Amino acid sequence: MAIEAPSAPVLGQALKRKEDPRFIQGQGRYLDDIRLTGMLYMSLVRSPYAHARLVKIDKQPALAVPGVLAVITGEDLAGLGLHWMPTLAGDKQMVLATGKVLFQYQEVAAVVAESRAAAYDGAAAVEVEYDALPVLVDAKHALDPGAPLLRDDREQKTNQIWHWESGDSMATAAAMAKAEVTVKQDVYFPRCHASPLETCGCIADMNKATGRLTLYVTSQAPHVYRTVLAMVAKLPEQMIRVVSPDVGGGFGVKVGVYPGYVVAVVASIVTGHPVKWVETRTEHLGSTAFARDYHMNVEIGATKQGRVQALRVHTLADHGAFDSQANPSKWPAGLFNICTGSYDFAAAFVDVDAVYTNKPPGGVSYRCSFRVTEASYLIERAMDVLAAELKMDPADLRRKNFIPPERFPYTTPLGWTYDSGNYPANFEKALGLIGYDDLRREQTERRARGELMGIGISSFTEIVGAGPSAQFDILGLKMFDSAEIRVHPTGKALARFGVRHQGQGHETTFAQIVGSELGLPAADVLVEEGDTDTAPYGLGTYGSRSTPVAGGAAALCARRIREKAKKIAAHLLECGEHDVEWADGKFRVAGAPERAVTMQDCAFAAYTNPPPGLEPGLEATYYYDPPNFTFPFGTYVAVVDIDPGTGEVKVRRFLAVDDCGVVINPMIVDGQIHGGLTEGFAIAFMQEIPYDSEGNCLASNFTEYLVPTAVETPHWETDRTTTPSPHHPIGAKGVGESPNVGSPSAFVNAVVDALSPLGVRHVDMPLTRERIWRVLREHGVVSA
Amino acid sequence: MKIPMSGVERVDASPDQALAFVSDPNRVGRCMPDLEDLQVADARHFTATVKVGVGPVRGHLKMAVAITPDPTKPNELDLAVKGSGMGSGMDMTSHVRVAPADGGAAELHWTAEAAVSGPLASVGGRLLEAQAKKTTQNMFAAIRTALQTAGAAGA
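Chains as they are written, first to last, in my numbering: chain W, 17 to 800; chain C, 178 to 332.
Watch out, some of these pointers could steer you wrong.
In silico BS3-like links for lysine-lysine, alpha-carbon gap of 25 angstroms or less [stated by the list, open to error]: (1) C/K239 - W/K116; (2) W/K156 - C/K179; (3) W/K416 - W/K108; (4) C/K228 - W/K116; (5) C/K179 - C/K311; (6) W/K224 - W/K320; (7) C/K228 - C/K179; (8) C/K250 - C/K311; (9) W/K508 - W/K583; (10) W/K416 - W/K508; (11) W/K200 - W/K508; (12) C/K259 - C/K310; (13) W/K72 - C/K228; (14) W/K580 - W/K508; (15) W/K194 - W/K416; (16) W/K72 - C/K259; (17) W/K508 - W/K494; (18) C/K228 - C/K259; (19) W/K116 - C/K179; (20) W/K72 - C/K310; (21) C/K239 - C/K311.
Hints in this document: simulated from the structure, not taken from any laboratory. Keep in mind the model is a prediction, meaning the values are calculated, not measured.
Next up, chain C with everything else stripped away, as it sits in the complex (with noise of 0.2 angstroms):
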């Protein structure tokens, strides 16, 4: 199952500290949802352990994620998320491109596409397409409140 998915997050903070963000494993990776662990490989990969729970299929996924910025457009990355566990797998490419908006603020274009696999897909079913926009919202909502955080510590 392919689950396209995109939004813009507007962030209260410039493109430049938006973009050494979401390039930074330690502080991206925090953002993932239900997270439970966060193992740093270096500084383009890390591994998060997170909570999963789609209908009655519930428990941990281990998603290693790999971030590439893009070498001809500096203000976009990719991050790639392969993830697997409940005998399940979950590969995940999102693309992200930092954007300056008002006021000196920046937004945050991204785009993803979730391809689900084993009991997670076929039993999770009709719930997962929902459970897993949420979810990638909510990374990416979690983002902006980080950075929001982090401004209003820096001012």
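With the rest of the complex left out, here is chain W (with noise of 0.2 angstroms):
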């Protein structure tokens, strides 16, 4: 049995997609695509109200509406104790609204039906009594002392959640008083939701006969899912199957319990048959985690000459009615004290205030409960703040300030551990391939013209691969993650992952690392994600997480399996273990290379002519704990024009220079860049979730939430340079949220940038040509 191995080491290859065929052929199984024997449909009856007592809820003229079978309110959840539910950041949230309500949009009672339709027209005839309550909805106001009392249920009669506070406020404070030169900017990252094309649902099925529960459901965290139902419906945890079939994008979104996948085990459970609730679009925008809503201030101390000192930041974070961010118990405000970035400072001082207000909970989706990307967003604009108040160039001040490679591993004044880092030779190679020096002198001439045009620089540093046991985990659960693979008998593999992808293509990568830690094409290797009666326990796929750990577990699993092949491949080849090294994706007797035996032959032996005292089989498990973080970095820059008349912004020029270790798809790497600059884009100039007086949502559907199609979208230019991470099994470190993470601070300095002859420090996002027309305005450059 003699199969041959490929040569061409399968890591660092562009292979294409294995996932693709299915997806461009409309073959893929999302969640709404399933359809059970006797299934029915759920709708929910939402809030109109951001704050309101709930008076009486008629049920009636709903079950009068022919197909509908059920209603079911909050007291009937009362009466099962399932009317609140655990959050994953230890505060609890209303799964069907008791009392009151807290939020527009909020879940109050839900309508099971015999179709689709029937379920929608039962929700809109259940008659609900709501009387309106004072509302809440800015959260500079929640710590007012006539502020309404939002959250009577807890024991602490404030809307003040909690605060937290990192780094040395003393020694901060002595810096900045010291310093020559100081800077101070309010920073709001507004409210924005990623939207993903598919939006949630779930199918509960319960079988009475066997008393089993099988969720199918829209989930980057199947796992975790089970382990909350088990919790929270108090079912044994092995009568619970989670399966979370194709997802149509994520973004964080798909990371959360919600309220609706609660009612839909109690529906199933209640009717005895299977119920299959989707959301639509609006109760998608208008429920469901949002991202950001962060107020910002930020001061620098520097040096006349550029070099920053101290860093300070106050925030404010809007976290909606719940507190139902994904956050690890040791960190409320995420990993948000990233916020030195990329710069070299001695001392530093952040603190974050969480509030409630009238608004939907969440904080989860676009790498939000981590604040990774307010993090970075608020640093690289402060550095531009800076830089205007130097009148330095802010590439100059950039350079000055940078963590030189050679102090790596580098440990910041807020307590991380930076593993790797080549930052001047990365934010060179950028400002080179821009042109940033032509770029600069043409600026000058435009101006000369009157011409606005803008150069933006953003050089982020990323934290990724949460996490550490140490350091992390959700509910108690650590932020391991694992591999499962089989190879069987005729060389073929199964690989198998706690994690869920949901578009970053581990069916390929994941393939690629097995393969290559193997010996096998990748196109032998199987991966399986999705399922929890298969897959190995893991906390899921969010925060760029899967190929620092996932893809670690991978190796180190493959490795394990590497251990075992090489006693049978001695057994094979007729010499001692120790006489057999694994080079060139084959085993080999040392000193005699061109005897060797491949991962194929190993793998038939290995169920047919085992090695005696060696159990049969070629299966490995491994649980990978990360000793630490990896730290992605980049260069991006953006070069815009704006149109004096209008405020239209043209981004004429993007590019993007990302160092994430090591690389095992060039293809999916650049593919994810393009798409969370795409996410960036939108993010910095359309999108946001404003909401009026009365806490009515004012986006809550495509016509007001804008996605940016392939006709706004800025053509990207790529490049790479690679800093392996020392610790990564194989130097990987993660790339998927890098683009969302560096991009709108560049687009946002050189928007600013454009705008500094006018003597602009600061806009807050989104740039909307009526937003810039109104700076372009008041500074009389057009006439009102």
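Please dock the two separately framed chains into a single complex, following the hints provided.
Take a look at the structure:
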């Protein structure tokens, strides 16, 4: 049995994505594609009020709608003790409202019917009487003495959720006082939403005969759902199976457990039928996990020559009506204290106050719970504000302050230890590629002609790969991740993971990792994720953690297989195990490399001819607890032109030079960067979910909440440097979120740079035409 | 979204007739624009179902209306409207003062503030304010027309 092993290395190849043929042929199997026999449909009745007493719910008009079978209210759930559920942040959240509602579109009742249409009609027919209460939408007034108390269910009679600090406030104050130059800036990162094409949904299928619950659900973290369901619904965990089918985009929105899932489970138990619930777009934008809503105030102290010394940040975080972020218990503001960025500060201090408002809970999407985007945006914006104050080129200011390559591993004043980095090399590559000096010369000429051209730089550092168990957990579950590999007798492998991809390309990249470790072609490695009955336990895909954590598990699990295969190889080669070497994808006899066997040979022998005393079979499981985070970085440069008459910003060029360590599949990395840059572009220029004074969501559909199409999206230029992570098994760092984290500041810095001759230092996102036009009008560029 | 509104309608009826009209659920209720159903509960309360369309949001609102005469000012009263439907809510408080005008006629001086919640506010968005004003104006115009007709019939 000799199947030729591949000679070319599998890692680093731009293999086409194995998952794409089914997606591009419409053969994906998403949640809403699943139809079970006897399946019913559920629709939720949601509150039109942002804050109101719930006076009365009349189910009768809904029950009179043909096809409607049941109406479930919060009072019904209260009978089962299920009207509240724990959040991933240690707060609790109403499943269906009892007593009062706290945000518009909050879940109030559920209607179960024979068809989707009947469920919608039934939901519209439920009569709910509310008594409006004073509404709190502006986080800045949440702690005012006269502010309405939102969460009277809590012991603490205040709208403050928590206060969190990081760093040395005394040392920072001292350094700030001594600084020759200080700048201070308010920066708001508006509330936005990832809004994946597929909204959230589930099918709950309680089999009364077996007592087993199967939950098909749009989930980025199916095992976490299983454990949370076991805790919330008091069901034995082995009697729950969570299946996350193909997921049409997640971006963090599909990390948390939503009330609809819990109600669907109850509805299935009550009716004895499978119950499907799928959100509408308005429900999705109006109630699921938002991102950001961070009011930040930043101060930098520096020398006159531009050497930064101290950083101080005060933040007010609007968490909405419930604290339902997906936060590690030690880190209520996530990794926000990564906000010293790529720069060498001697002292830093950060504090965050989180408050309740009458807005939807969440703060999970776009890696919001980890708060890295906010942190990166803040420091990159603040560096430009400092450069303006010092009348210094922002590129020169960055050069003066980068953490030098020789100081890695580098510990920041806020406590993180950066694994590796070479910021100057990456930065100079980017500035060289875009022709930075020529652009500045061109800008001088254009400014002389009254034109508004801007160049914006972001030289960010990310923190990904949550996370080391000493630091990181969700509800106490440590944030390791796992891999299980089975090598079949014919030398083909099945690899299963505890993470769950939603477009990242795991079926290809993990096959490449496993293939390269085992000497198998990636085509021979089938990757499976998303079914808790078959996949090993894991915490899911978000926060760019799959490659740093599950990717590590993949490599180490494969190496465990290789260890065993080595014993089989020694048996086949009739030599001692110590004489066997793994080289070029084969086991070879040391000193006689032509005597070799392949992994396929070993796999066949594992089932047909195992060495005496060795357990047959070739399988392994590995739970990988990463020793540290990984710290990808990059330099992004945006070049914009602003129409002085209309305020329209045209992104002329955008270059992203990323360093995400060792690259597994360059095509997939480029794809992730293109996607993330497009998101960052949307956040910078188009997207915000505003609320009016009554707490009405003013962007609950795609006519108000804009998603960029190919028409608006600029052309992306990408390149790379490679600084491997020293602690990751294959040196990879993760990349999915770098462009979303790094790009908004590049866009805003470019626009502010274009407006800087007018004296503009900062403009909050989104930089819509209207907002820029107002700035131009304020400065007399356009007349009113 | 809170929408403040006000207006003055001259009606061809005496102040007493005008006051009696706007205090009567059976008569003022029929002046609700796009009325589909009217249920009078008692002398001070009625429920009206009206057809509503703001931009893409179309459906019915069920409005519970309470008429409260001002205990100290006999020519003034409050109309409180609480509407729900289409997953939305509408709360309106309105105050009416009946004043004598030239030639024995009367003027209705009215102010109102409507608060709209739900998809009607979030989807109706920019169209809502104009629509709310038009609807409220139409209601008072309907009162004027009805009083005129009643006056003509009486004559």
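Q: Please work out if W/K416 and W/K508 have their alpha carbons no farther apart than 25 angstroms.
A: The hint is violated at about 53 angstroms.
Q: For the pair supplied as a hint, C/K228 and C/K179, confirm whether the alpha-carbon distance does not exceed 25 angstroms.
A: Holds, because 21 angstroms separates the two Cα atoms, which is no more than 25 angstroms.
**Q.** 25 angstroms Cα cutoff - pair C/K228, W/K116
**A.** Answer violated: C/K228 to W/K116 is near 28 angstroms, above 25 angstroms.
Q. Can the restraint linking W/K416 and W/K108 be considered satisfied, given a maximum Cα separation of 25 angstroms?
A. violated (47 angstroms)
(Q) For W/K156 and C/K179, compute the direct alpha-carbon distance and say whether it is at most 25 angstroms. (A) Roughly 21 angstroms separates the two Cα atoms, so the pair holds.
Q. Would the pair C/K239 and C/K311 pass a check requiring their Cα atoms to be no farther apart than 25 angstroms?
A. holds (19 angstroms)
Q: Take the C-alpha atoms of W/K194 and W/K416, compute the straight-line distance between them, and say whether it is at most 25 angstroms.
A: holds (19 angstroms)
Q. Within 25 angstroms, alpha carbon to alpha carbon, are W/K72 and C/K228?
A. holds (23 angstroms)
Q. Quick one, are C/K179 and C/K311 close enough, alpha carbons at most 25 angstroms?
A. holds (15 angstroms)
(Q) Checking one constraint from the list: CA of C/K228 to CA of C/K259, max 25 angstroms. Satisfied? (A) holds (15 angstroms)
Q | Restraint check for W/K580 with W/K508, where alpha carbons must lie at most 25 angstroms apart | A | Measuring from Cα to Cα gives roughly 16 angstroms; hence the hint holds.
Q) Going straight from one Cα to the other, do C/K239 and W/K116 come out at no more than 25 angstroms? A) holds (21 angstroms)
The structure shown violates the earlier hints numbered 3, 4, 6, 8, 10, 11, 17 and 20.
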